[in-house]
Amino acid sequence: MTATLTATGVPKLARGVRLRHDEARGQWVLLAPERVLNPDPVAVEILKKVDGARSIDVIVDELAATFTVERATVATDVDAFLSGLAEKGLIDVTLPVIGDAAS
Amino acid sequence: MSLIEEPRSRVEVPVRPAPPIPYGMLAELTHRCPLQCPYCSNPVELDRRNVELDTETWLRVFSEAAKLGVLQVHLSGGEPTARRDLEQMIRHCVEVGLYTNLITAGVGVTPERLQSISDAGIDHVQLSFQGATAEMTDKVSNFRGAHERKLAVAREVRRLGLPLTVNSVVHRANIHQIPDFIELALALDARRIEIAHSQYYGWALRNRGALMPTRDQVFWALDVVEEARIRLKGVLTIDAVVPDYYAKYPKPCMNGWGRQSLNVTPSGKVLPCHAAETIPSLDFWNVREHSLTDVWLNSPAFNAFRGTDWMPDLCKSCERKEIDWGGCRCQAMAIAGDAAATDPACHLSPLHADLLALAEADAEGTDIYDYRRYFQPDRTG
Chain W
1 MTATLTATGV PKLARGVRLR HDEARGQWVL LAPERVLNPD PVAVEILKKV
51 DGARSIDVIV DELAATFTVE RATVATDVDA FLSGLAEKGL IDVTLPVIGD
101 AAS
Chain Z
1001 MSLIEEPRSR VEVPVRPAPP IPYGMLAELT HRCPLQCPYC SNPVELDRRN
1051 VELDTETWLR VFSEAAKLGV LQVHLSGGEP TARRDLEQMI RHCVEVGLYT
1101 NLITAGVGVT PERLQSISDA GIDHVQLSFQ GATAEMTDKV SNFRGAHERK
1151 LAVAREVRRL GLPLTVNSVV HRANIHQIPD FIELALALDA RRIEIAHSQY
1201 YGWALRNRGA LMPTRDQVFW ALDVVEEARI RLKGVLTIDA VVPDYYAKYP
1251 KPCMNGWGRQ SLNVTPSGKV LPCHAAETIP SLDFWNVREH SLTDVWLNSP
1301 AFNAFRGTDW MPDLCKSCER KEIDWGGCRC QAMAIAGDAA ATDPACHLSP
1351 LHADLLALAE ADAEGTDIYD YRRYFQPDRT G
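Going down the list, the protein sequences come from chains W and Z.
Note that the numbering used here has the first sequence beginning at 1, numbered continuously upward.
Note that the numbering used here has the second sequence beginning at 1001, numbered continuously upward.
Hints in this document: simulated from the structure, not taken from any laboratory.
One thing to keep in mind: the hints can contain errors.
Stretch by stretch, here's where chain W covers chain Z in the computed footprint (C-beta under 8 Å, at least three residues) [what the hints assert, rightly or not]:
hint: 1; region: 1068-1075
hint: 2; region: 1096-1103
hint: 3; region: 1157-1166
Here are the simulated SDA-like pairs of lysine to any residue, each with C-alpha atoms no more than 25 Å apart in a straight line [stated by the list, open to error]:
hint: 4; chain 1: Z; residue 1: Lys1067; chain 2: W; residue 2: Pro41
hint: 5; chain 1: W; residue 1: Lys48; chain 2: Z; residue 2: Tyr1023
hint: 6; chain 1: Z; residue 1: Lys1233; chain 2: W; residue 2: Leu30
hint: 7; chain 1: Z; residue 1: Lys1233; chain 2: W; residue 2: Val97
hint: 8; chain 1: W; residue 1: Lys12; chain 2: Z; residue 2: Asp1189
hint: 9; chain 1: Z; residue 1: Lys1067; chain 2: W; residue 2: Asn38
hint: 10; chain 1: W; residue 1: Lys88; chain 2: Z; residue 2: Glu1226
FRET-style restraints, in silico, Cβ to Cβ [to be verified]:
hint: 11; chain 1: W; residue 1: Arg54; chain 2: Z; residue 2: Pro1312; range: 54 to 62 Å
hint: 12; chain 1: W; residue 1: Val44; chain 2: Z; residue 2: Trp1220; range: 42 to 50 Å
hint: 13; chain 1: Z; residue 1: Trp1220; chain 2: W; residue 2: Glu87; range: 52 to 60 Å
hint: 14; chain 1: Z; residue 1: Glu1360; chain 2: W; residue 2: Val44; range: 50 to 58 Å
hint: 15; chain 1: Z; residue 1: Pro1350; chain 2: W; residue 2: Lys12; range: 55 to 63 Å
hint: 16; chain 1: Z; residue 1: Arg1231; chain 2: W; residue 2: Gly26; range: 18 to 26 Å
hint: 17; chain 1: Z; residue 1: His1176; chain 2: W; residue 2: Ala24; range: 27 to 35 Å
Positions of the beta carbon are idealized from the N, C-alpha and C atoms, including for glycine.
Build the full structure now, drawing on both the sequences and the hints.
Structure below.
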């Protein structure tokens, strides 16, 4: 259960999971079946980039550039956060099929 | 967050606490339902089709809910798919940013209908099972073949890629099936199961003698659920609604009256919880005459038991007052005859021993159900 995600994997919010800004309370929320989660500001920045198009690598690159933080640090944080979401079934991570890459 | 300290004024100005903002709204679209479960949470006096809100009013209510700050809407009933305009409502909810949750019995829902509900943008489906076996489901729901139809719907929901929750209400006749309910949820690829002990209001209160489990059954059930929760962490979320007749502390009903959620009935009454109409002193405003925000903030019914000011001294002086929120007002009404009394489920209530005796006596009752029904034939179809 502590598996790290493949950096080339592309995360996407699972069906039934939505990120939105909650105007009434002035905060971002992650909505899931019978759950309302309040992601912290760092988590929100990651989640905004989870769009089913960007790979984890790309997400890390972009965050490292935007916040001028060392890439390795960002990579560790992103992996820990997304692994947790994957374990809870809140995101699906698809791997790009390239050649005969082993699964 | 804690690094930022809130500015404090030097003069103590009495500030009215900010009104709470509701997270969820239960939309009871209709009371019509093909099943006749004896513990149905609908009132004993069911709304007929001719008093149901029209499409336009529901759409307005959803818009108002979103504006008020509601995040999730639970489309329920009765059987919500009995409303032909369900898809229109779902599309509207999606448009105004509401998360939609369908709570269905799954009987009479064709694959084509599910496809259309999915296309409309439903986020999550909760499907009820009255038993873990066909025999039990059919008996409790009083509908032959219900179980098979539910299984088919569950498979279709997953085939469409929608997240599925299995809803099971447990009571004396089926409580021993809890492990089988959990297996059923896993077999159907559900990510979540609700194991709700029957709550004794309305129909369930009428049927309490046929539903009440024994104390041994209840404590066995709590252990089974706890063990499964640990074993299935990360695989299946188990949410339990606990039985309170044998408990020490009352349930924090609705997490506080008028605090997190509201309920709109088929005819448009806005209630703090689905049993609130059992409190005769309360007057419920209707969405036909008031905006949802007006009802939430200003209606006397919502303010009657909001916060802790209404509490009797026993609750007010209790350190758990903002944990239990005084327990359940409807249960205080049903058992103590006073909606503002301490919930008799609390061990500090003077009526606690009576409640326990009542449960023990009912647990010896017979399994004959007074099935949910309209009292006169429905002429409106």
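Verification of the hints:
1. Under a criterion of three residues with beta carbons nearer than 8 Å to beta carbons of chain W, the stated coverage of the region 1068-1075 of chain Z is upheld, 4 such residues being counted.
2. Interface restraint, the region 1096-1103 of chain Z with chain W: holds (3 residues with C-beta to C-beta distance below 8 Å; minimum three).
3. By the rule of at least three residues with a Cβ nearer than 8 Å to a Cβ of chain W, the coverage given for the region 1157-1166 of chain Z holds, with 4 such residues.
4. Simply put, Z:Lys1067 and W:Pro41 have alpha-carbon atoms about 24 Å apart, close enough for the 25 Å limit, and the pair holds.
5. A C-alpha spacing of about 22 Å is found between W:Lys48 and Z:Tyr1023, which places the hinted pair at or below 25 Å, so the restraint holds.
6. Between Z:Lys1233 and W:Leu30 the CA atoms are separated by roughly 20 Å; this keeps the pair inside 25 Å, and the hint holds.
7. Among the hinted pairs, Z:Lys1233 with W:Val97 is inconsistent with the structure: their alpha-carbon atoms are about 30 Å apart, more than 25 Å.
8. Only pairs whose Cα atoms come within 25 Å are accepted, and W:Lys12 paired with Z:Asp1189 is accepted, the gap being roughly 20 Å.
9. For the proposed pair Z:Lys1067 and W:Asn38, the alpha carbon gap of about 19 Å is at most 25 Å, so the pair holds.
10. For the hint pairing W:Lys88 with Z:Glu1226, the CA-to-CA distance comes to about 19 Å; that is within 25 Å, so the pair holds.
11. For W:Arg54 and Z:Pro1312, the Cβ-Cβ distance of about 56 Å falls inside the hinted range of 54 to 62 Å, so the restraint holds.
12. Separation of W:Val44 from Z:Trp1220 is about 43 Å and conforms to the stated range, judged on CB atoms against 42 to 50 Å.
13. For the hinted restraint 52 to 60 Å between Z:Trp1220 and W:Glu87, the CB-CB distance of approximately 30 Å leaves it violated.
14. Roughly 52 Å separates the CB atoms of Z:Glu1360 and W:Val44, a value that falls within the hinted 50 to 58 Å.
15. At about 56 Å, the CB distance of Z:Pro1350 to W:Lys12 agrees with the hint of 55 to 63 Å.
16. Range check, Z:Arg1231 to W:Gly26: about 40 Å between beta-carbon atoms, so the 18 to 26 Å window is missed.
17. Z:His1176 and W:Ala24 have their C-beta atoms about 44 Å apart, which leaves the hinted 27 to 35 Å range violated.
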